[in-house]
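Chemist: Single-letter residue listing:
Number of protein chains: 2
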Amino acid sequence: MKTIQSDNYPIYFDNSIDELVKFVKEGHYSRFFLLTDENTAIHCLPVVKERFDGLDNFDIIEVNAGEESKNIDFCIGIWKMLIDFGADRKSLLINLGGGVISDMGGFVASTFKRGIDFVHVPTTLLSQVDASVGGKTGIDIDSIKNIIGTFTQPKAVFIAYDFLKTLPARQILSGTAEMLKHGLITDKAYWEKLKNSDLKTPSAELIHWSIEIKNKIVIDDPTEKGIRKALNFGHTVGHAVETNSLINDENPLTHGEAIAIGMICEAYLSHKKTGLSDGELKEIVEVITNLYPMYPLQEASHEALCTIMLKDKKNQNGQINCTLLTQIGQCKLDNICTDDELCESLTYYASL
Amino acid sequence: MKTIQSDNYPIYFDNSIDELVKFVKEGHYSRFFLLTDENTAIHCLPVVKERFDGLDNFDIIEVNAGEESKNIDFCIGIWKMLIDFGADRKSLLINLGGGVISDMGGFVASTFKRGIDFVHVPTTLLSQVDASVGGKTGIDIDSIKNIIGTFTQPKAVFIAYDFLKTLPARQILSGTAEMLKHGLITDKAYWEKLKNSDLKTPSAELIHWSIEIKNKIVIDDPTEKGIRKALNFGHTVGHAVETNSLINDENPLTHGEAIAIGMICEAYLSHKKTGLSDGELKEIVEVITNLYPMYPLQEASHEALCTIMLKDKKNQNGQINCTLLTQIGQCKLDNICTDDELCESLTYYASL
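Protein sequences appear in the order of chains D and P. The first sequence begins at 18 in the numbering used here and counts up by one. The second sequence begins at 18 in the numbering used here and counts up by one.
Since the hints were derived computationally from the structure, they do not count as laboratory data. Fair warning: there could be bad hints in the mix.
[As the list claims (entries may be wrong)] Partial chain D-side listing against chain P, Cβ under 7 Å, derived: (1) D90; (2) I93; (3) W96; (4) M98; (5) K107; (6) G166; (7) F168.
From a predicted model like this one, the values you see are computed outputs, not experimental measurements. Every residue gets a Cβ at the ideal spot worked out from N, C-alpha and C, and that includes glycine.
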């Protein structure tokens with residue numbers, strides 16, 4: 018499949034691990050570092066490491082898997098390891114993992130010695146279609162997602178479709194939510210295609226298409242002043258639900274599961290506020306509820322969710338700002354939603 | 018005096034606190050925050066705060082004074098206060114203080130919600146002629162100076178000459194070292210002027226000239242790929258001496274005192290390696306030793322100093338890289354110096 022050209026960096030699809038090895042060798046880096054988590058260390062690292070056979074100027078840095086690791090303490094640990102391993106400004110960080118690894122690794126690299134090169138090898142569907150493209154880096158503080166970070170582009174992204182085979186079904190579905198979103202906000206044809214596909218094992222073509230959509234948006238607006246806000250559809254409510262679940266649930270929602278809830282709530286708000294038709298609202302709800310289990314959103318949690326939404330970095334002047342749909346494939350940015358409206362959308366979800 | 022135009026931002030000299038108030042009011046920020054330390058909170062904050070009389074959309078964040086505060090724990094504290102105070106992407110951070118405040122405040126702002134606006138109001142001579150101009154932000158980890166940071170420009174800099182009157186003589190001299198450096202690396206006329214001035218109370222004109230020199234260099238090379246390395250003269254040895262002193266001395270050297278030592282050592286290396294004449298070496302040593310007290314650089318510390326130099330972020334491939342002089346007012350970048358040469362330069366200093 019065609020290499021996608023992003024904002025000064027390529028996104029490789031075919032023979033991507035070959036391309037990675039070529040990139041590292043031709044980059045003449047003084048040293049390079051593979052950032053992995055305990056899952057990718059088992060399932061993906063051996064495949065990559067074997068290909069670096071013969072090179073001795075690299076080290077492996079492993080962190081715990083999961084969103085709980087995406088914090089400043091892990092960053093400090095990685096920075097210190099880079100110092101101890103002798104990383105200099107001509108070093109490269111390879112982020113081999115899901116969104117936690119690419120977000121946190123990107124932040125670590127973009128601030129180490131005021132910025133060293135980094136690349137992403139996303140190993141989950143979610144990170145392939147979302148985190149690895151667009152130059153957002155970030156970590157959480159006090160469970161507030163991505164509150165600290167930078168806009169810094171990777172030097173390249175290597176999409177290895179084969180790595181998805183190692184993922185449990187629930188992790189695949191976590192990525193599917195972002196693919197559905199890409200269709201909903203800008204591309205009705207893609208939405209139609211997704212509707213008629215097996216979304217439990219999405220094809221490489223569907224992934225390529227999804228990345229093309231996201232890439233087009235982020236190239237037009239790298240620092241989220243305008244059209245990039247389209248990507249926030251489902252994320253105002255979704256992030257709050259995700260944060261709340263991370264704090265309270267023993268087995269927390271995945272990102273995609275939370276965004277699926279957020280998309281239903283914000284589709285409801287779209288119907289109320291920006292003209293999404295009743296028929297399209299029902300269609301969206303049907304597709305999403307067929308894929309994702311329902312989650313109990315007790316009324317008691319609504320106030321807590323609104324408090325979390327207020328702290329979301331998208332908001333200004335204490336107002337909650339949502340991207341909503343006008344129809345499937347089209348969206349409208351910067352819709353101020355009141356607490357009451359947001360609570361009503363949560364109640365709508367709970368009533369399904 | 019003339020406002021200097023830097024890389025998309027102005028550096029104000031005259032009526033600079035008036036300009037600051039105007040900037041804040043015309044910027045239509047949702048909220049703004051004054052970052053100060055315990056010294057500027059006493060000597061400078063009241064002057065500034067009084068001028069914001071009538072505005073209620075700001076908060077004050079105070080940290081401990083001194084290089085020891087320039088670490089990630091203080092950053093986390095400031096990030097959390099910004100969250101608690103309701104800072105959003107349309108907020109402004111005003112860094113009111115010396116280099117610690119501008120370096121750390123710049124880093125905090127450049128990473129909070131992936132970057133909010135910040136301005137500097139430097140209150141020490143050192144921060145006026147050095148830290149506030151050039152867009153380097155940074156914090157220390159394990160006493161390694163500025164190892165974590167970004168290249169991010171402030172939106173404006175406000176030089177308030179009057180604040181210098183609150184400084185002890187030793188703090189003034191800490192800034193003088195950078196002024197001397199600006200003359201040595203690119204401007205013989207400025208060096209001559211400095212030599213014949215009272216450097217214990219430098220005039221506003223001398224400060225303006227110094228900032229003009231630094232500004233010209235950083236505009237040409239914002240991310241230190243080339244000519245900006247000129248500013249590192251004296252800093253390879255100087256940073257190591259400073260770090261070592263911070264760790265070991267009860268009353269550590271100021272930045273300028275350490276850089277003064279570094280400039281003597283690197284002037285010696287310049288004489289050995291890049292053709293600086295014996296006469297000019299002696300002239301540099303005389304000017305510097307007349308201003309700064311000698312510091313005991315025991316031979317036992319030389320190895321520790323070289324180890325620190327190796328970790329300096331300027332270096333690559335385990336080699337120590339210095340900017341040296343070819344004559345007063347001209348320099349040569351990227352001179353690899355061996356451990357032996359560096360030790361010899363330390364011995365030269367100790368022999369004075």
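Chemist: Name the hints, by number, that the structure is in violation of.
Modeler: Those not satisfied are hints 1, 4.
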